[in-house]
Amino acid sequence: MTDSMILTDVSDIAARYPEWITADGRPGYSGYIVAADHLLEFCRMVRDDLDYDLLSMVAGVDYITENMMEVVYYVYKTTGGGALVFKVQTPRDNPVVPSIFPIYPGAELQEREIYDLFGINFEGHPDLRRIFLWEGFAGHPMRKDWKEPYYEEELKPFKSRWPQGHVYRAEDELTPLKDNVQFPAGFDPYDWEAEGEQMLYAQLRKLQNAGDEELKTDRMIVNLGPQHPSTHGVFRMAALIEGEQVVELKPVVGYLHRNHEKIGERNTWQQNMPFTDRLDYISSISNNFGYVLAVEKLMNVKPPERAEYLRVLFAELTRLSNHLMAVGFLLNDLGAYFTPALYGLEERELILDIFEIVTGSRMMCNYMRFGGVVRDLPEGSYEKIRDLAFDRLPRKIDDIDAYLTGNEIVRVRCEGIGVLTAEEAIKYSLTGPNLRASGVPYDIRRADPYSIYDRFDFDVVVRYHGDVYDRYLVRLEEMRQSIRIIQQALKAIPEGPIMTGKSAYQVRVPAGEAYGRVEGPKGELGFYVISNGKGNPYRYHVRAPSFINLHGLAPMSRGGKIADVVVNLGALDIVLGEIDR
Amino acid sequence: MNGLGIIRGLGVTFKHFFQTYLEDLRAGKGRYFTEEGVQARSRADQKGLFTVQYPEEKLPVPEEFRYNPFLVYDEGPNGEQNLRCTSCGICAKACPPQCIWIVRSDDPVTGRPVPVPAEFYIDIDICMNCGSCAEFCPFDAIKMDHEYEIASYDRIAHHIYDKAKLSKSAQYYATIRPTNAAREDAERAAKEAAKAAKAAERPVRKIGPENAN
Chain B
11 MTDSMILTDV SDIAARYPEW ITADGRPGYS GYIVAADHLL EFCRMVRDDL
61 DYDLLSMVAG VDYITENMME VVYYVYKTTG GGALVFKVQT PRDNPVVPSI
111 FPIYPGAELQ EREIYDLFGI NFEGHPDLRR IFLWEGFAGH PMRKDWKEPY
161 YEEELKPFKS RWPQGHVYRA EDELTPLKDN VQFPAGFDPY DWEAEGEQML
211 YAQLRKLQNA GDEELKTDRM IVNLGPQHPS THGVFRMAAL IEGEQVVELK
261 PVVGYLHRNH EKIGERNTWQ QNMPFTDRLD YISSISNNFG YVLAVEKLMN
311 VKPPERAEYL RVLFAELTRL SNHLMAVGFL LNDLGAYFTP ALYGLEEREL
361 ILDIFEIVTG SRMMCNYMRF GGVVRDLPEG SYEKIRDLAF DRLPRKIDDI
411 DAYLTGNEIV RVRCEGIGVL TAEEAIKYSL TGPNLRASGV PYDIRRADPY
461 SIYDRFDFDV VVRYHGDVYD RYLVRLEEMR QSIRIIQQAL KAIPEGPIMT
511 GKSAYQVRVP AGEAYGRVEG PKGELGFYVI SNGKGNPYRY HVRAPSFINL
561 HGLAPMSRGG KIADVVVNLG ALDIVLGEID R
Chain W
95 MNGLGIIRGL GVTFKHFFQT YLEDLRAGKG RYFTEEGVQA RSRADQKGLF
145 TVQYPEEKLP VPEEFRYNPF LVYDEGPNGE QNLRCTSCGI CAKACPPQCI
195 WIVRSDDPVT GRPVPVPAEF YIDIDICMNC GSCAEFCPFD AIKMDHEYEI
245 ASYDRIAHHI YDKAKLSKSA QYYATIRPTN AAREDAERAA KEAAKAAKAA
295 ERPVRKIGPE NAN
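The listed protein sequences correspond, in order, to chains B and W. One rule links them: number in our numbering = place in the first sequence (from 1) + 10. One rule links them: number in our numbering = place in the second sequence (from 1) + 94.
Don't read these hints as lab results, they were simulated from the structure.
Within a straight-line C-alpha distance of at most 30 Å, the following computed DSSO-like cross-link-like pairs (lysine-lysine) qualify:
#1 B:312 x B:87
#2 W:109 x W:152
#3 W:285 x B:512
#4 B:406 x W:141
#5 B:272 x B:260
#6 W:152 x W:123
#7 B:394 x W:141
#8 W:123 x B:394
#9 B:501 x W:141
#10 B:260 x B:571
#11 W:141 x W:109
#12 B:394 x W:152
#13 W:262 x B:512
#14 W:123 x W:109
#15 W:109 x B:406
#16 B:87 x B:97
#17 B:406 x W:152
#18 W:123 x B:406
#19 B:512 x W:292
#20 B:544 x B:97
#21 B:272 x B:512
#22 B:154 x B:272
#23 B:544 x B:307
#24 B:512 x W:289
#25 W:259 x B:169
#26 B:169 x B:157
#27 W:257 x B:169
#28 W:109 x B:394
#29 B:169 x W:262
With the rest of the complex left out, here is chain W (with noise of 0.2 Å):
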């Protein structure tokens, strides 16, 4: 108890702090405020100051990041939004805290229920960022978002999303997840040529009266 282990361990944070100032001297301005700055300042052979001054700088958030969950629409030749999601509730069904809430449409005429949700919602004060329904869903049609910066002023106007606030493009889903869009694009072309092989080997059926429109 001679107070030598106090000095020690003001060596270690006198090395701390005399690091920013080396690693300052040594990156020059480019430590501060750039993309590679920030960067430099989160690898595991980082020194001196480890801070990322927020809102200024941010940090680069992964692919796999998920945030809140949004609906993709494949645009149509005339720019028309066709929404992947079928309405087949499986999101619904795996949501933990249960937030979402789908009403599906069906045919006016035959009263038969149609692939394409009437209403979607979803309570974003409830969702708990979990992503069962992105894993879940089997039409890649419910993804999780980047966009983490989503606070308001009022909770009853804003906080329920509605089909036309989730929607957004495959485009956008493609900057946001590129391995993953990649991924599950090709899965789902090599379904499709499998279905179509599949129904070309099928012998031609007779087209009854009621299937002949």
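Same shape as in the complex, but just chain B (with noise of 0.2 Å):
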């Protein structure tokens, strides 16, 4: 290695390459801008010579008045700290950029997702297709300019309601295929051919003629999904397999698309908090938490200290909630048909008497507001949380073990099934237990530590198989470290205050980009958000660990049954609500 290769951090190579590395000036922005020729070279080196292995988000960003698309990318180190940004810009007319997956392939479905939302086309990347959209579908919904069928106007609150807001549904009046349904220019949908689907079988039979030529065997595309009990909702995977084993495999998603993100740009900046819920809707606080880090970060408020324990509480008891049902709907994709299914529904339903005491929901909880929480624990509530973090939980989390860790059929299902050593995960961007069950101790309340989780004492669970053993195992260890912390919690909470200021519906937030990530019960949980200084959010993106966990899906498979893939899935722990969005 020459001198010239040592790089401690990136301003030395933004030094080193002024010509096409500028510093983001833009006031409230960070990071750097990369010229779009070089990218791939930057990329190079910033996960090379710096070190940063892990990709975490790719966002588009549509700057209209500038004519201007930027993809935003995100950076972190799997031994922690604080993120690197860099930033590409490309004209609005013919937007280019190189795909950076050579380099990252965690940014395949995201690059996909831009492509899909904004138009910005990926030179090099391997398969870029629509991913939500169908292509039928006209234009690209997260450009300024797109305004859906039922348009009323760009930002809320919407004019019509108040004062004189006489109730009407669209719906009523415009008849389905007439006015609200838009197609691109020559679009017939009666004869319509299926593009998309051609293309994405057209990707499984480039290997399809590789079968074996001395057995004469035949390679087959089946799919499993759309609507198939084992793919905890609507979600589809297309497997090319011979005989029993499958050769690759396509997650095919979108069907629950709803375009959250667009949804986000015409709310206001509280009017989302309960949109977020909807995203993982298994555990929607932490979603809440994600959302509120970002906003406050750019408000720059900090909550009261009765307030930072309330979220840490609730966010550790979303992620019991989360890995019992984790773990027991894996066994079901075992085949062991909901007993063990029930048993952890059981205590999440205890759970969710909790959440449904404190905020007024059972899962669409509502909870957090920028500076605190809507709501101290009522009285009473204490006590429940208390009996089971002390005494229930903990119990019954041994009843779990004891129950399933040691039997033999789930070992022999599990043990080596779905490996993906720690270099895979990272490459492919898998964050949260998936990540740890490979053997890489990144976790983000450790790594880069938010809110006070840097106060409290707990093990950060890490297993080295990589394998769905593995990952049941982390999970089931979490949930004993997520107790560890909610007894801390309440040991340690103070009385005060749960609110910095007052609650607002329309809140003032200064121009800027921020990002706020968490550690969700399924991996990093991130909002990437731009203020223009305005009531609405300029730009609301979701890094969900769902959908950027897809990635392992295929490695995972490839090589293995078809039998293995549902419990691969299983294992990920996947929500379609948060993958669509």
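Two independent chains are provided; combine them into the complex using the hints.
Here it is in structure tokens:
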């Protein structure tokens, strides 16, 4: 290695290549702007020389007034620390950016998402197809000049609601296939050929003819889903199989797509809060947490001490309820029909009872506000949490452990199945329990602490085989660690206010960008927001852990049996509300 | 791999199975179809059968439980319903899915807005039960209901709630949310008292001809 190769931080690179790296000087922004033709070179340097090995988030932004589109990348080190942010700008009329897939394969689905929603072309992407929408969908919805069929106004609150709010339902006036559906120019729904499907199958057929010549085997494409009890929702896997073995597999998503991000950009800042509940609907408080962290960074407010404790307390209860379900339903996927799942659900119900008492809803909690939480613990709820955390849950988790961990059938079905090495897991941007099961002790609560997690004593759970069994063990042990955190929080929680200032339905958010991320139950859950100083977010992007963890599904399943695909998916622990957004 | 793990696991299911019968024997008839029984089954020290047999049995809803919004009215001396709503529109602006529609009433003579809603609609199909309207209402006029069995046969005819359907009395509110109602009443009373005290302190202004009526 020559002297010139030793780089300690990115400003060295920026100083060395001033012609194609510039610091992002816009007020409230950070990071570097890299010239598009040097992007791959830059990424290689960042990954290999600076050790930013984990690509966390890729987001597109449409700056319509500057006639420019931007792709934003956040990369982290798996050894911990803050982000390196870099951006690429491209003209709006012909947006082309080189794909960073060769360096960070974890960009594959995220680049497809940006291609679909923004229409930015990624040169060199191996499989650039629309991901959420179909080919009969007109335009790219995340562009700022795109308007939906029931378009009413650019931003909420809509003027038609008050003071002359005469109620009407738009769908009663507009009939189907007349005004409420937009098709691209020249598209006729009646002689539509499913081009997207053909492209998908073409990708798989590339490998189809490479079968065993001697045995004259035939390779076959099998669709698992979208309606299938093992897919945890409407999710499809197109698998190329040879006999019982999976040769290649492609996840197909978008059946539940509602364009959460566009809705989020129409909403005001506060209105987004209940919408975040609906992303990963079984761990809604974590979603609230990520979003408030991002917006609080921009607003520069800090919640009071008691609110911080309440946030941690509820985020950990959410993690418990999520993992109870993940473990239970993994066993369902293994064929242990519902007994383990219901044992998990039983404990989860008791946690949801607490959510209901405190937040008012079992699942759509809508608990956090910018600068605090919405409600203090009502009478009797502290005791309920205490009884669960100190008595019942530790006992019940030991029960589940005794019930499942040693079970020979579980072990035979899980050990050595769906193996991902640490390098692969990092390469495919996996986070959360899936990454830690592959031997990478990366937990954002430790690696880049947020809120008050630096005060708690807990272990980062890590296992080293990277198979389904280890993913199960990581979740089981993480529940115990969550209980430890809850116990400490319950002992240390101070009295005091739960809000800084007063919660308002319209907040002032200074212009700038911010990325707030939490260690969600499923992995790194991040919210990337841009404010232009007005009442609504200019850009609102969700880094959904379930979605990005899907990169791991094909490498886990390749070479395995088709029956194990279901188990691999169960071990990834996905929620379609978050994948499709 | 000798099958001991399976047997040990089956021990756990056997314990669950056995406990249900033991608890039934211990608790006797009161375990099912009684309020105490339902509550006992959802406590942290619960053992045995966990499920609640809806609709014969129902879990009690906690005070903070939120379902659909309703408008609170105070009953006047002659039984008239005085809605607390002033049609200020804050709930309609705060509502995330924009399901609240308000028509403000105007004084027919002066044309100035009158603090009473002429019409108030909530499209209950769109409402996402988030509670923002109740949270940000400055007049304690819109609150979240506990009534959750609202299925109906006709979406078009029944799912846009109007002012009459939304109005519920302050007494009803106080029965479903006693602590909240008591706290808010005390806060409002304190505010009124402060206002009255301030008004008493203020020097008496000369009443101009346009204000005398």
